[in-house]
Amino acid sequence: MIQLFKMAYRDLGRNRRRSFFSALALGMGLSLLLLMAAVVTGEMRGSMESTIRLESGHMQVRASSYDENKTSLAWSDLIENPNEIGSQLAAFPQVVLATPRLFASGIVSTGDQSAGVRVIGIDPPSQANAPFRDGLMRGQFLQADDREGVLIGQPLAEKLGVVAGDQVNLLVNTSNGDVDQQAFIVRGVYTTHTPSYDEFTVFMPLVKAQAITQAQDHASVIFVLLQNRDQAVAVASALKSSNYQIVTWEEANEIILETEQFAGAYMTVLYLIVLAITATVIVNTLVMAVFERTREIGILSAMGMKGGRIMTMFFAESSLLALGGIVIGFVLGGLMVTYATKVGFYIGDFGITGIIFGERIYGYLKISDAVTLSILALVVTLLAGLYPAWMAARMEPVEALRGGQ
Amino acid sequence: MEVTRVEAVTRTYKVGEVETHALRGVDLSIEAGEFTALVGPSGSGKTTLLQLIGCLDLPTSGKVYITGHDVSHLNRNQRADMRRGTIGFVFQFFALIPTLTAYENVEMPLLLNGHGAAERRERVMGLLASVDLADRGDHRPDQLSGGEQQRVAVARALASEPTLILADEPTANLDTSNGEQVMEIMTHLNRETGVTFVFATHDPRVIKYARRVITLRDGKVVEDRLVSEKA
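So the protein sequences, as listed, match chains A and B. Per the numbering used here, residue 37 is the first one in the first sequence, and the count goes up by one each step. Per the numbering used here, residue 50 is the first one in the second sequence, and the count goes up by one each step.
Looking at chain B on its own, in the form it has when it is part of the complex (with noise of 0.2 Å):
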């Protein structure tokens, strides 16, 4: 089943009088269940591609579909709705809200959704279990590690159960032993639950765990290749 499709996408952003081209005709589509890394240098596009297939922008031609729904021309209120159901982030600058502990920080989603308290404990529960801070639930993200921060924030992500986890350099503010845990989480629950991942980043490092790696260079996909599971 297709998650996103994005056909001949484009996004200008103008300043001034000046026009910079983040995307110029970009085509790809994800099917549900990927691992997938856009790759590229800085600056170009995959931060602006994962915003527009996170309904956090639209684009200036171009259509963008989740789910198969066109979600190119939806209002700020849609495309909440849309993000709030479907979809999951997980930023580079782990994104927590320092006045919430972790429990309260993966809880958000669900009281956004109006599930009901014991749900969503049992629920929040489980998906700190599955990050392995079930023990940290009453931490504030200035009480825990940059690596444990960033497993909050992916159990967050997985807390409405979205079909699709968008995640922008996930491990760029990470050593390497906690950006490998971090990376080794997201494949165990991509392995597990389904839901389709697609990550930015140009640590090869990271790169290795994707099964699908898409690259861009100003603006463009021109590459677009499968690869073999880390062993």
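Just chain A, with the same shape it has in the complex (with noise of 0.2 Å):
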């Protein structure tokens, strides 16, 4: 078998260039793999973390007959007691933070620009507003007791024209079904490096919220945030009750989980059509490799070399340049992949409903994908080298040596 490999090898030796280029073929073919892998992979991931820091946190704790799709500010829709439930979750030792936030649809506006708003009641000195409050570009942030401030997004304050200090015109629904309006001053702008998220969303502490809604003590939800995320479920099960619903970030991020699990099932058949290119470049080099080199097969087969070995030997040229491609494959998808990951892709204002996009991709390749790719890489291969070898195999000894002449 080493002597087969050796001369598999050599084999290889004899034309360099063709070689290294089927071998390349399949190292920039797995490297984009990797880097397609490690771009999804990161997409989804970026776009779960932004969608738990900035919107459903690990879990949140909602009244039984809130509808998050209506954000209806109707007491019975609202949990009456937030602060007394805050304390309940505290009590948790998984919780890390639990704040209450109410969420009302609004109208800003000033001079004659306009934007339909979402307004979030939070309690500034919650570290759940800490994605706001370390994203603050100019101005400064809530205070608590501020009744006349809001903070609006980078986006937002560029479309209306206005930054820091800045008056804006805010109207908003209320729980009785009316509106209210009120004028109140930009006391900063963030960004939270998320436009789909940071046009849409103004903050204000969260008594002025309750006041401006006539929705007194209320709030919306209480945020949750944990130690780690995979305690979700325990918590919300130490936790449920029938006054309230527990949403743990599965249930609330449904549709991130089913678009990551279609993104994956996409990209399997992408893998399968890179690899299938590869593979046709694998096979084209190990045809040729058999034609050229019909002679010897008729020469070793006259040896007494039965097929399955012959067969061995281009099986194992076709091993060594899966390696070759592989080692490649690993050294090209590294620089991309890091580059994916320390620099990422700008792809600005990107979203869909549902999901947060940030307006950069960053990498993350799991090393599960890497042994994956690179043992798909390695079967296709091996796959791909079974027509010639069994071609090599398959030839007369009479008809090779002839053939050769």
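Accuracy of the hints is not assured; some may be wrong.
Unchecked claim - Sample of chain B residues facing chain A (criterion: CB under 8 Å; computed from the structure):
id	residue
1	Leu105
2	Arg125
3	Asn126
4	Ala129
5	Asp130
6	Arg133
7	Phe138
8	Ala144
9	Ile146
10	Thr148
11	Met157
12	Pro158
13	Leu161
Said to hold, decoys possible - Derived list of chain A stretches under chain B, where covered just means 3 residues or more per stretch with a C-beta under 8 Å from a C-beta of chain B:
id	segment
14	39–52
15	331–341
16	429–438
I should point out that these hints are in silico values taken from the structure, not numbers from a laboratory. This one's a predicted model, so the numbers in the text were calculated from it and none came from an experiment. Note that CB positions come from ideal geometry on N, CA and C, so glycine has one too.
Starting from two chains that each stand alone, build the complex the way the hints lay out.
What follows is the structure, encoded as structure tokens:
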């Protein structure tokens, strides 16, 4: 067997350029697959992280009748005693923070510019607001007792043509079904690097939001962050109550998980297409090798080498090409994935309803993906090598000897 | 002892609608230790007969026996087994594996027969010495002259200690000097080891080495004669 591999290695060396380019084709295919896997995983992972951080938390407690799609402010749809529930939640060791939030629909305007927005009442000191506090570009963050200030996203500020300190009008719906309007000062402009979120989200202190919407002490949700998102189901089970609905991050983000599954299936098809193309190059190389070495196959056969062994010899060549290709693929793919992970790709304001995307996609390559793709590349190449190897093994010695003359 | 016997063998090739009768009923027997030439003009059937005796091909009709075994109906793998254990080949075009050194070329049949490393080394070195190439073992075929390559091929044919060595025009691609050197070595090995040599040729300078000359014409044996050894 060692001798067969030695022969296979030397045979590949006969036409180094062709062998190199064949391995390179596989390597480029594999590197592209690694990049694609990293980008898709990174995109979905980033989207999930952004959504958890900005929107869903690891868990939300809502009134049992609350429907997030309606942004209802009816008291019956809101949590009546958010601080009390927050205290209960804080007793769980897994809970890092629990903070009430109130959601309302509104229209913000200045001069002749206006935009539909979602108003979120937040408890400003809460660490849950770190993404907005850390993303403050200009002005100041909100204070809990601020009655006139709002925080708006950078794309919205650009759209309205306002800066920190400017005045805007905000029209919001209220608990009794009316609307209320008030002038607010833009205290600060923030960015979460998620244009689709920043463009439509306006923050104000919870107390002010409760006042303007006439929700009094109510909140739409209790936003909960855990030490680890895997703890969500256990905490939710422990909290189960008929008065409230507990929504875990998985339940809140089903669309992302479904999209991830769909992307996984789609990527599998793409993997096979790319690998099929590279396999064609490998088949071509090995078929050429079989034709070029017809006489040698005849000589080996005349010496008594059986078809199985001849097949193994060519199979050894495809194995070596595959290994070479995988090494090249890891080098090229490693560089591309490193770039995608460190620098990322700018996609700007790209969004799908229900999914939050950042303005940059950062790669994230799972070890399992790298291993699976390498094994897949190896298997596809070996399968591609079967036909030329079989062709060589099936040659009649007389015809093979004659063919080379 | 009879090494090979051919009984009423025919071999017909069909290309499209055209049938070519390469052999038209050949009978012959070759005993152990013979140094026999198959002679005749091109197309007379020499190479076809060697291929049938060498289990590289199957007859259209008739029987071919190797060391008493009927090989006329063996399958591909059975014929490979028979060749590996019993028959060595020397081809006109040297037929060395270009990526292997002279040493490795000679070693190949021993590897196929599963000999151990120490035994292989001893045997290969001995064989290379017997063809005056002991110091050329690490050279690849493209670093050897035509004569040297053919001597490596002879050494390789002997490697698995076959009963029979078949050589198809072994000197056709060699100049006179190298051709004679190869024939001298083959004659010497025949005498020393007792291995049977059957070679196809139409070169009178080669025929003179044979102790038996079988003449073929149009696929038939037209003459079979014993001749005196070269002085």
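Cross-check of the supplied hints:
1. Leu105: This hint holds: Leu105 of chain B lies near chain A, its Cβ roughly 5 Å from the closest one there, short of 8 Å.
2. Arg125: Nearest chain A Cβ about 6 Å off; hint holds.
3. Asn126: Hint on Asn126 of chain B: holds, closest Cβ of chain A at ~5 Å, below 8 Å.
4. Ala129: Holds. Min distance 5 Å.
5. Asp130: holds, 7 Å
6. Arg133: This interface hint holds because 2 Å falls under the 8 Å limit.
7. Phe138: holds, 5 Å
8. Ala144: Holds: closest Cβ of chain A sits about 5 Å from Ala144 of chain B, inside 8 Å.
9. Ile146: holds, 6 Å
10. Thr148: Because about 4 Å separates Thr148 of chain B from the closest Cβ in chain A, which is inside the 8 Å limit, the hint holds.
11. Met157: holds, 6 Å
12. Pro158: OK, holds: Pro158 of chain B within 8 Å of chain A, min 5 Å.
13. Leu161: Holds, about 5 Å.
14. 39–52: Coverage by chain B holds here, the residue count being 6 at a Cβ distance below 8 Å.
15. 331–341: holds (count 9)
16. 429–438: holds (count 4)
The earlier numbered hints are all upheld by this structure, with none contradicted.
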